[in-house]
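Asker: Note that the numbering used here has the first sequence beginning at 1, numbered continuously upward.
Hints were generated in silico from the structure; no laboratory data involved. Note that beta-carbon positions come from the ideal geometry of N, C-alpha and C, so glycine has one too. It cannot be assumed that every hint is accurate.
Here are the simulated distance ranges between beta carbons [claimed, not checked]:
id : residue 1 : residue 2 : range
1  : L163      : N292      : 49 to 59 angstroms
2  : E266      : M222      : 32 to 42 angstroms
3  : N239      : A312      : 54 to 64 angstroms
No more than 27 angstroms apart at the CA atoms, straight line, and that leaves these computed lysine-lysine pairs for DSS-like [said to hold, decoys possible]:
id : residue 1 : residue 2
4  : K264      : K285
5  : K285      : K240
6  : K205      : K193
7  : K151      : K193
8  : K295      : K264
9  : K240      : K270
10 : K306      : K290
11 : K240      : K83
12 : K285      : K205
13 : K306      : K269
14 : K205      : K240
15 : K285      : K270
16 : K240      : K193
17 : K306      : K295
18 : K85       : K72
19 : K306      : K270
20 : K205      : K83
21 : K285      : K269
22 : K306      : K240
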Amino acid sequence: MDDQTRMMTGLTGLGGLQQADVGDPDSVRKQQSLGQPQQDIGDILQQIMAITDESLDEAQARKHALNCHRMKPALFSVLCEIKEKTVLSIRGVQEEDPPDPQIMRLDNMLLAEGVSGPEKGGGSAAAAAAAAAAGGSPTDSSIEHSDYRAKLAQIRQIYHSELEKYEQACSEFTNHVMNLLREQSRTRPISPKEIERMVAIIHRKFSSIQMQLKQSTCEAVMILRSRFLDARRKRRNFNKQATEVLNEYFYSHLSNPYPSEEAKEELAKKCGITVSQVSNWFGNKRIRYKKNIGKFQEEANLYAVKTAVDAANVSAQASQANSPATPNSGTSSSCYTD
DNA sequence: TACAATGATTGCAA
DNA sequence: TTGCAATCATTGTA
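From just these sequences and the hints, can you work out the full model?
Answerer: Here it is, written out as structure tokens:
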């Protein structure tokens with residue numbers, strides 16, 4: 001006898017139940033003795049399905065009646081037997097998922113940006129770096145810094161509230177499914193392992209939704225960062241003194257306007273800018289000078305004169321320092337050097 | 001407001 | 001990696 005036939009045989013005893021008769025073995029016996037044709041499994045299933053269309057009280061009553069039915073243990077044991085055979089085929093399906101590298105990357109990024117985890121200066125550091133790279137004044141950078149932080153805080157807040165919603169929905173849904181399964185376990189065999197597996201499936205589904213949230217949050221942070229890190233958007237001209245220092249070096253090394261790394265560092269220090277800004281400046285200057293030497297000739301002459309005067313001053317200072325007969329030499333030369 | 005000046009970025013070559 | 005050349009985006013000025 002195959003499983004289905006056995007089940008059908010077991011279930012035939014439940015056939016022909018009327019709503020009022022359910023739970024009343026006498027009425028079943030009466031119906032059987034009256035020679036009513038055996039009804040097929042469809043009837044009983046229909047009755048079970050009909051429970052959902054009934055009011056809560058009616059459904060409860062019918063459920064109770066089905067649970068108390070004398071054939072219920074037979075049905076349950078048949079289901080157990082079938083289960084035992086089928087569970088072997090699904091056993092292999094259950095395996096532990098390795099941590100998703102994509103989720104790990106997103107988590108790391110959100111953590112580094114200060115969106116997830118404890119609120120700290122992750123994003124602030126990025127904003128400060130952005131301001132420094134742009135060469136903005138301390139006041140400007142602090143304004144942008146707070147602006148960046150405010151926007152990041154906004155993203156953080158949205159992220160956390162959405163995450164909370166997802167987690168709440170997940171736990172509600174999990175509870176709901178677990179209650180359903182527990183309830184169903186009265187009529188069909190459901191092991192705790194199966195409930196666990198179902199919970200894991202639900203969590204996987206919700207975690208894929210979470211991944212989408214994390215992904216869009218990361219995108220928002222990247223857009224915010226790129227907006228703040230794009231130095232072109234908040235370019236500031238170097239101050240006059242810095243430009244003079246750079247021009248002086250450029251025109252005094254016109255035959256080879258390529259400062260060494262040490263010279264770049266020195267110039268950067270003098271001008272209050274970064275080494276890469278010095279490199280940019282020399283790159284731009286060389287190309288623009290080469291393109292239009294005529295235009296820069298006047299400027300070149302000006303700095304040549306300035307350099308000559310400075311050199312003369314230095315040598316005068318040196319010669320005066322070597323002559324002890326000259327009084328107040330320091331005060332007279334300082335008016336040229338300044 | 002148009003335009004020149006200027007600092008930064010990008011793509012390519014050496 | 002560095003420098004060049006082209007280009008972008010912003011600032012400063014007439």
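Asker: Quick one: which hint numbers does this structure break? Sort them smallest to largest.
Answerer: 3, 7, 11, 12, 14 and 16
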